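Asks: Here is how the chains run, residue by residue.
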Amino acid sequence: MNRRLLAGLALLGLLVLLACLGALTVDLDDARPLSADVAQPPSWDNPLGTDTAGRDLAAVLVVGTLLTAKVGLLAGLIGIAVGTTLAFLAAYHGGWVDRVISFAVDVLLTVPGLLVLVVIASAWPGQMTTTLMALVIALLAWREPTRQIRAQVLVMREAGYVRMARLSGQGSLAIIFQEMMPNLMPYLGAALVSSVSAAILASVGLEALGLGPRDEPTLGMTIYWMISEGAFLRGLWWWIVEPVTILVALFVGMYLVVIGLDEFANPRLRSLK
Amino acid sequence: MSVLEIDNLHVGYELAAGTLSAVRDLSLSLAAGERLGLVGESGSGKTTTALAVMGLLRAPGRVLGGQIRLDGQDLVGLDDRAFAALRLARVAYVPQGAMNALNPVLRVSDSITHALRDHGAPADANRIADLLAQVGLGADVARRFPHELSGGMKQRVCIAIAISLGPRLIIADEPTSALDVVTQKQVMATLRQAQDRLGSAMILIGHDMGLMAQCVDRVAVMRDGLLVEEGPVRRVFHAPEAPYTAELIRSVPVIGQDRRAGTAAPAAAADLLRFDGVEMRYGKSLFGPPPAPALHKLDLVLPDAPRILSIVGQSGSGKTTIGSIALGLLAPSAGRVLWRGQPLAATPPQTFRREVQAVFQDPYSTFNPFYRVAHALSVPLRRFGLATGDAARALMEESCRAVGLDPSLLDRFAHQLSGGQRQRLMVARALMLRPRLLVADEPVSMVDASMRAAILDLLVDLRDRYGISVLYITHDLATAWRVGDDILVLERGHVVEQGDPDQVLRAPSHQYTRLLLDSIPMPDPDRPWSTAA
Amino acid sequence: MFLLRLTKRLLLMLAVIFTAASLNFLLPKLAPKDPIETKLLELTETGGALTDMKGLVEAYRAKFGLDRPLAEQYLSYIKDTASLDLGQSIAFYPARVTDLVGRALPWTIGLLLTSTLIAFALGTVLGALLAWEGAPRLLGLLAPGVMVLAALPYYLLGLVLIYVFAFSWRLLPLGGGFEMTAIPGLRWDFVLDILRHSLLPAASIVLASVGTWALAMRGMMVTVQGEDYMAYAEANGLSVQRRFFSYGLRNALLPQVTGLALHIGYIAAGSVLVERVFQYPGLGNLLFAAIQQNDYFVIYGVVFILVVMIAVLMLLVDMLYPLLDPRVRR
Chain S
33 MNRRLLAGLA LLGLLVLLAC LGALTVDLDD ARPLSADVAQ PPSWDNPLGT
83 DTAGRDLAAV LVVGTLLTAK VGLLAGLIGI AVGTTLAFLA AYHGGWVDRV
133 ISFAVDVLLT VPGLLVLVVI ASAWPGQMTT TLMALVIALL AWREPTRQIR
183 AQVLVMREAG YVRMARLSGQ GSLAIIFQEM MPNLMPYLGA ALVSSVSAAI
233 LASVGLEALG LGPRDEPTLG MTIYWMISEG AFLRGLWWWI VEPVTILVAL
283 FVGMYLVVIG LDEFANPRLR SLK
Chain L
4 MSVLEIDNLH VGYELAAGTL SAVRDLSLSL AAGERLGLVG ESGSGKTTTA
54 LAVMGLLRAP GRVLGGQIRL DGQDLVGLDD RAFAALRLAR VAYVPQGAMN
104 ALNPVLRVSD SITHALRDHG APADANRIAD LLAQVGLGAD VARRFPHELS
154 GGMKQRVCIA IAISLGPRLI IADEPTSALD VVTQKQVMAT LRQAQDRLGS
204 AMILIGHDMG LMAQCVDRVA VMRDGLLVEE GPVRRVFHAP EAPYTAELIR
254 SVPVIGQDRR AGTAAPAAAA DLLRFDGVEM RYGKSLFGPP PAPALHKLDL
304 VLPDAPRILS IVGQSGSGKT TIGSIALGLL APSAGRVLWR GQPLAATPPQ
354 TFRREVQAVF QDPYSTFNPF YRVAHALSVP LRRFGLATGD AARALMEESC
404 RAVGLDPSLL DRFAHQLSGG QRQRLMVARA LMLRPRLLVA DEPVSMVDAS
454 MRAAILDLLV DLRDRYGISV LYITHDLATA WRVGDDILVL ERGHVVEQGD
504 PDQVLRAPSH QYTRLLLDSI PMPDPDRPWS TAA
Chain H
6 MFLLRLTKRL LLMLAVIFTA ASLNFLLPKL APKDPIETKL LELTETGGAL
56 TDMKGLVEAY RAKFGLDRPL AEQYLSYIKD TASLDLGQSI AFYPARVTDL
106 VGRALPWTIG LLLTSTLIAF ALGTVLGALL AWEGAPRLLG LLAPGVMVLA
156 ALPYYLLGLV LIYVFAFSWR LLPLGGGFEM TAIPGLRWDF VLDILRHSLL
206 PAASIVLASV GTWALAMRGM MVTVQGEDYM AYAEANGLSV QRRFFSYGLR
256 NALLPQVTGL ALHIGYIAAG SVLVERVFQY PGLGNLLFAA IQQNDYFVIY
306 GVVFILVVMI AVLMLLVDML YPLLDPRVRR
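Residue numbers (our numbering), protein chains in the order written: chain S, 33 to 305; chain L, 4 to 536; chain H, 6 to 335.
Simulated from the structure, these hints should not be mistaken for lab results.
Note that the coordinates shown come from a computational prediction; the quantities given were computed from them, not determined experimentally.
Treat each hint with caution, since some may be false.
[What the hints assert, rightly or not] So, partial list: chain H residues that the calculated Cβ filter (under 10 Å) puts toward chain L:
id, residue
1, G139
2, A140
3, Y234
4, G242
5, S244
6, S251
Glycine included, each C-beta is placed from N, C-alpha and C at the ideal position.
Could you put together the complete structure from these sequences and hints?
Replies: As C-alpha cells, this is what we get:
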C-alpha cells in the first residue's frame, strides 16, 4: 500500500460516508425545485442553504453525488468491458483485426472526446437522463482502456511463460484466462478506476455545458444552474462553495487512487515517491 | 611508486536493520602501466570497490573504513566537487553497457566536447579527430549519433573519452560483456594499446576467466566481499591457491577438453526433423527494399536417433529463428519443415506439441509469476492427458529428483528460486514429458558460471539416458563443441559450415569459423590470443 | 523514414477531420428523431415573426431533403465542409457559422496557445527539478500542491479563482472578454482591459495543467536518471548543470513532447469549459450559447473547427519532434 492510494481512498471514503449520512438525515425529495424558499443562506431548516429554484442544497448534494457516481460507474464499467475485449482481440488475433482496432483507437484518441460527446448528446435536446448520459459517454470510454490493455497484452504475449503455455498445449482461451488474466488484474483495476474517473470528468463537463439531465440534480447540473442563474452576481456564496468543494474532493480523491494504483500495477514507477 | 593503493577497505550499506558489508578488509596496490583483473560473480563486491575508488557510492552505501590512495592522496572523505574534478581527469571509467552509455541525442563530437570542457580542457575538431584516431575510428564518426554506431564503435568512443585527459588509472567494468566474441577481441586490443600509450594503470572488472588470462598482469579474485586470492596471472592460472579460483578456471569450457559426445547415429536412421530450403523474412515494408532475410535457404537434418545438434551463431545470425521454427511457434516464409517425414503443418498439433519441447534462455520469465512453479509442470501433464492428481505429482517429483532438485521446490514461486534452479526445473519438465526433441536456446547464458556445466551435463543425460534429441542453440563455440554430436555454424542467416564438431572446430575450413575460434580468449596466459585482430 | 512518418501523420490527420465531418452529418440522421428537422419544424410552426427563417428551412431541405439519396446529401455536405461552408446559424439567422466561428476563434487561440505554452514550459522545468536528486529540499514541499492541481479540471479551478479573486476580493472582473463600456480599438487601455479579463481564465488553465506536466516530467526524469548514460556522465565528472540540462532534461523532454501532442485535444476541450465559466468570448462561449438554443449548425461548426485545429496542432508538434530526437530523423 502506498501513501497516495491511502489518501485517495480516504478522501473517497469520506465522500461516501457523507453521502450515506446525508441520505439518512436529509429528506431527499427536497432536491426537487420549490421544496423550500429560494436563495436562502444556510439555516437550521436548510443546513446548506437553497438555490434560486428552491432546492435544498443538502439534499441536492447527496443525490447529486450518488447520481454522478452512477454515471461514472456505468460508463466506466462499459468502457472497461468493451476495451478489454477489443484489446485482447487486437493483441491476440493480430493481423488485420489488430490494424483496424488500433487505427480506430488512434483516430478516436486524437479527437477531443468531450467535444464529440457534445455533438452526440445534443441530439437529445431536453430529453437527457443520467442513464442515457452514461451510455453516451460509454461510446468513447473504451478508447483509453483498449490502448493500454492492448499494449500490456502485447508485452505479456511475448513473456516466456506464455510461450511455455503454448508448448504445454494450452489453447488461446486457456492462455488468456489462466495465464494472462491473473497477471493483468492489477492493470485492469487501475484502468477501471481511471476509466470511471474519466467518465465522471466527461459527465460533469457535458452538464456544465448545458447538455445534462435537466430533471436530475447531478453535481454537474448543480454547477450548470449555479453559473446560469448568476450565483456570483447575486452573491450566493454557499451555492458556489459547496458543490465546488465536493467536486474538488471527488477529483483529487480519484486522481490519487488512479496514480496510487498505477504505481501498484507498474512496480517500475514505485521509486517515484 | 604505486598509482593506487587500497588499504583495509571496508564498504557497507547502512540499513535500518544494521550494516551490510559489501567489501571487507580489501588491500590492493597497482603500479603505473600495470593491469589488474578484478574477478568475481555477481555480489562479490568487485563493482562496489570500483565505485568506492571513484566516489560514486550511493547512500546508504558508504566507505566505513580503510584508505584509498591515488598517487599518495587519500580519497576517502573527499567532497563531491573534488571527486567530480578527479573523475576522468585522473580516474577514467569505461562502462559496462556501452550500448546505452552515450547520450542518445548528442553527436559523438558533443559527448567528447562535454567531457573535455567540463574539466577545463580545450576541445576542437582536431583534438576530437585525434582522440578518435587513437581508438581506430575515422574523423567522420564525430558527426554521428550513438544509434548510428555499432556496439564495438560505441565502446571505442567510450575508450576515446576515457583517455582524453590522460588519466592515471582506467577502470574498465566488463567493457565487452555486451559485444560478440570477435568484436570483444578487437575492442580489448584497442583498450590495451591506449592504456600502454598513456602508461596508466588499469583495473579490468569481469567474470570471464578467459578474458582475464589474456588481458591482465595480475588477478584478484573476490567472493562475498572478500579477497580470495591475488597474484601474477601465470601463477594464479597455473597454480591457483584458493579452491574457488580453481573452480572458476575449470568452469570455462575449452575446445579440446572434456567432450561429451554420444554414440554415432545408425546409418539408416529415418529423419526426425528436416528443414528443406527454409527461409525467413521478418516484417513487410510498404516502402523501400524488402528486409534482409533472417534465414537463407536453410537445409538441416536431425536423424531419428538420440543426438545433440549444436547450432552456433552470434547475435543476428538467425539461430533463435531456427529454434522457433522447429518448435512450430513460427511459420517459415518459404521452404518446408518435415516432422518425422510429414509436413509440420499436417502433423496433428497435440502429438507434435508433446513431442517437441523447449528450454528458453531467460529463466526469469518462463514461469508465470501468479502460480507456484508446479503449475508449469502440471499443465502439460493434464493437457496431454498423461496424468492428473497424485499420479501427476509423483511424476513431477520424480523428474525433479532426476535433475538433482529437491521436490519441495515445486511449491515455491519462481522469484524464490535461483536462475540455475529454474533452468533445471525446465529440464525436469522436458524430461517428464519424454519428448522426441528438446530445443534448448541459450539455456545457460543467463545462469551463473558455476552452474553452467551442470545444466549442460543434464542435456547430455537427456540424450544418453532418456533418448531425447536436442537442438542446442548457442553463441559459445566451446560448449557447442562439448555437448554436440554435430555442429552447424551460422553467419547472418547463412550456414557457413556444418558437420562433426571435431572436424569443424579443430580444422575449420571456413574463414568465419576460424575467426570465431581465434577470438575465443583461452583461460591460459600461455596460449595468447593470436595477434591478428 | 521521416517521409513515411509524415505521410502517416498526414493520413491520420485527414482521417480524423473526415471522421469528425462525417459524424456531424450522420448523427442527426441516426438519432431517433432528426433533431435538426424537429428544431426547424418547431421554428416554422411557432415563428410568426420568424417568417424570414423560411430561407433557412428551404436551404436545409434543398441540401438534406429526404427526397434526395443519402449518398448525394453526404457528398454535397462534405464538399461544402471542405470549402469551409458550415451553413447558417438558426439563432442568429442569417449569420453564417463561418463568420461566427471566425469572430470567436482569435480569442480561443490566444488564450489556449499562450496558457498552454507557459504551463508546458513551467511544468516541465518544475517536474525535472522535482525528480532531480540534487535539487533544493524546499521544492519537495510543492509536490502535494502540484498533485492537487493536476487532479482538478480547468473549469473547477476557474470557479475557485473567480470566487477568491473576483467574488471575494474583487481584484479582477468576474468574466467577459472586456468591459461592456470599453470601445474596442488598438489602444493601450483596451489592450490592458483585455489582459485583465484574460488573466483569470489563463491562470486556471496554466495552474491546472502545470501540475499535469510537472508530474509527467517527474516520472520521465526518474526513468531517465536510471539510464546508463546518466551514470556514465557522472562517472566522467560532468558538471551538474550539464547533467541536468543536456542529459536529464533533454532526454526526458522527448516523451514529454509526445505527451503534448496527445494532450492538445484534452486541453482544448478543457479551455472550452473555462471560457464558459468566465463568459470569455471564444469558441467555448459560442458553443454554450448554441447548445442553449439547439443551434445545431453552430454546434457542429464549432466542434468541427476545434477538431481541425487540434489535428493541425498535433501534426505540427509531431513534425517538430524529429528536431529533438535524432533517432527518428532522416
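Asks: Hint validation: H/G139 versus chain L, beta carbon distance must be below 10 Å. Holds or violated?
Replies: holds, 9 Å
Asks: Should the hint that H/G242 touches chain L count as held when the rule is a Cβ pair under 10 Å?
Replies: With a minimum Cβ separation of about 3 Å from chain L (threshold 10 Å), the hint on H/G242 holds.
Asks: So, as I understand it, the hint says H/A140 touches chain L; can you test that by seeing if any CB pair is closer than 10 Å?
Replies: Where the cut-off is 10 Å and the nearest Cβ of chain L is about 15 Å from H/A140, the hint is violated.
Asks: Per the CB criterion, is H/Y234 less than 10 Å away from chain L?
Replies: holds, 5 Å
Asks: Holds or violated: the hint that H/S244 contacts chain L, with Cβ atoms closer than 10 Å.
Replies: With a minimum Cβ separation of about 5 Å from chain L (threshold 10 Å), the hint on H/S244 holds.
Asks: Is the interface hint satisfied for H/S251? The criterion is a beta-carbon contact with chain L at less than 10 Å.
Replies: Holds. Min distance 7 Å.
Checked against the numbered hints given earlier, the structure breaks only hint 2 and satisfies all the rest.
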